[in-house]
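S.K.: Single-letter residue listing:
Protein chains: 2
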Amino acid sequence: MRIFFSDMYQEFYRIFKKTGFIEDKAQLCAKLFTETSLDGVQSHSVHRLNFFLDYINKGYVKIHNEPELIAEFGSFERWEGNLAPGNLNAWFSMNRAIELALTYGMGCVAIRNTNHWMRGGTYGWQAADANCCAVCFANTIPNMPPWGSIDRKVGNNPIVFAVPRKEGHIVLDMATSMFSYGQIESHAQRRESLPFHGGYDSEGNITDDAVEIMKTGLPLPMGYWKGSGLALMIDLISSALSDGNPTHNLLKPRDQHGVSQVFIAFGMDKLQCSAYADTLVNEIIDFVHTAKPLQKDGKVYYPGERTLNTRKENLEKGIPVDEEIWKKIIAM
Amino acid sequence: MRIFFSDMYQEFYRIFKKTGFIEDKAQLCAKLFTETSLDGVQSHSVHRLNFFLDYINKGYVKIHNEPELIAEFGSFERWEGNLAPGNLNAWFSMNRAIELALTYGMGCVAIRNTNHWMRGGTYGWQAADANCCAVCFANTIPNMPPWGSIDRKVGNNPIVFAVPRKEGHIVLDMATSMFSYGQIESHAQRRESLPFHGGYDSEGNITDDAVEIMKTGLPLPMGYWKGSGLALMIDLISSALSDGNPTHNLLKPRDQHGVSQVFIAFGMDKLQCSAYADTLVNEIIDFVHTAKPLQKDGKVYYPGERTLNTRKENLEKGIPVDEEIWKKIIAM
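Chains as they are written, first to last, in our numbering: chain A, 1 to 332; chain B, 1 to 332.
Derived by calculation from the structure, the hints in this document are not laboratory data.
Heads up, a few of these hints could be off.
A pair counts as met if it fits within one copy or between any two copies, since identical chains are not told apart.
Derived EDC-like pairs: lysine to aspartate or glutamate, alpha-carbon spacing no greater than 16 Å straight-line [said to hold, decoys possible]:
id	residue 1	residue 2
1	Lys215	Asp201
2	Lys296	Glu203
3	Lys292	Asp151
4	Lys292	Glu203
5	Lys18	Asp54
6	Lys299	Asp151
7	Lys215	Asp151
8	Lys296	Asp151
Only chain A is shown next, with the shape it has when bound in the complex (with noise of 0.2 Å):
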């Protein structure tokens, strides 16, 4: 079933103040919410409701606490996030580091004691939006392997790219795993193989095998041992940056509450690139996009371009949903 942007939007809002945020911030969650579930990463958004309503009931996220400026240095900001809804106060650091931007040409708030803050790339977006490139990261619980080790002491650790485009912005929202536990699990359901190697069987051998991956909990570093020195690269950068909790200290007693972030914006306008960033972002998607395919009707995309097809899909026709998990929501 497709259930409309304002609709969806209206039912968030509904259960968010019953949940008992004040005004803005329930319509600042719903738009965020519906906004990612309009990009079609229902995983973040539709399907995270609960495990997002739980931490509120476990206390872990506190819904009336906001951001605390530490410690500021001209273009750079430190922010306590006092466990504050982690969407809500990665949306004001972005908006804070893209008010630095704007000032000095760049800025950079490094966050600590926050929360997930579900889809990364909504940051990304709104970076772009206000016409500044930015790179944000975040460290995550200890959940991969590092490279050589089939023990999990390294976060999957997101990490996030943007560029400001008028035809559609370039943002690129990527975790250091090979393939995210969502897509691992749907494969195993469907009893389907991964494309590539996506995690270790019981026996430490790299396998495709998303059920055997769901069984160890092993999922593969994208790239293997590069996205493990990536993802311990984020680790060390956001909690140094922020005097954060590192990865190590997310697991217990904290159950992934209390992260470190970081985010970077350049403001295109003040650095005076617009003008030929303009005309160069669309020579480079033009060159990608000419790239000859390897299948006969495929076609290369740039990072955001599908959502940006998703987006105006489920724009006109409705956000699809699973018909089970909207009931609950509307029951809630």
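With chain A held as given, fit chain B onto it using these hints.
M.R.: Okay, now just chain B, sitting in the frame of chain A:
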């Protein structure tokens, strides 16, 4: 055979002087080449010298040129590389980013019309030596097919992350291809398969057959679509921020000169995070070191750890070099 650091430095210095470098630049260039060799990265030092000198002879690399400031916005500066040697320009740019970071907390230098930076990790070590965290990236000629294509339309654009640590810095230096050209070539020469998928064969299948990949010239992005997306974002951001050449302008007629690079540094002292970062970084490394290894006698390494081991060994015993290549260098 092994050559001691000071002897290798003298040879490089002699050659760069003979090539026409002024005193200061001959010294720095020799230092950078020798340190890269000391760290075991011969592909970007001893084995790269001919390539480097060839580009000077062709007039692509202009050894008497200096970088020039185009625009400054506090913590962000844009520089014109004037086609000066890429390693000297990159060293200069990271040094300037460090100076900005020591002044403002964070610093960024975007440089255009520069040249191949040789070993990218060099500038990560440089930043970490100044107690800075760093992120740097660069574009290259189109030498890799974007995901979904068998047409070289993105670069294997490298990215470097660095975190300072008294006991030895953590430095990740990676291309966005799964394997470097040098690795594929050396496997092909030995008729060995790559340890994992590394490119495409002539029928467009993903393969670990190094000989086939050498034939097609189609390396695989690291992590498939992820490395492809990352390579594109690096090209977009580095050329947009520097007002420089994007990848698609670098092939003809430029033959990979005039590339675009970005250097970001965070000053840990200025940002008042040295005290806790010193402890934190060691904790993170200790945690990863305790990961149960996949192989019985295996060990989990952090990025840069083996470099430190190699550096130590080569400082004591001399730097291992190919005898034939070394003879040619001495005869230059």
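S.K.: Any hints from earlier that this structure breaks? Give me their numbers in increasing order, please.
M.R.: Of the numbered hints given earlier, the structure breaks none, since each of them holds.
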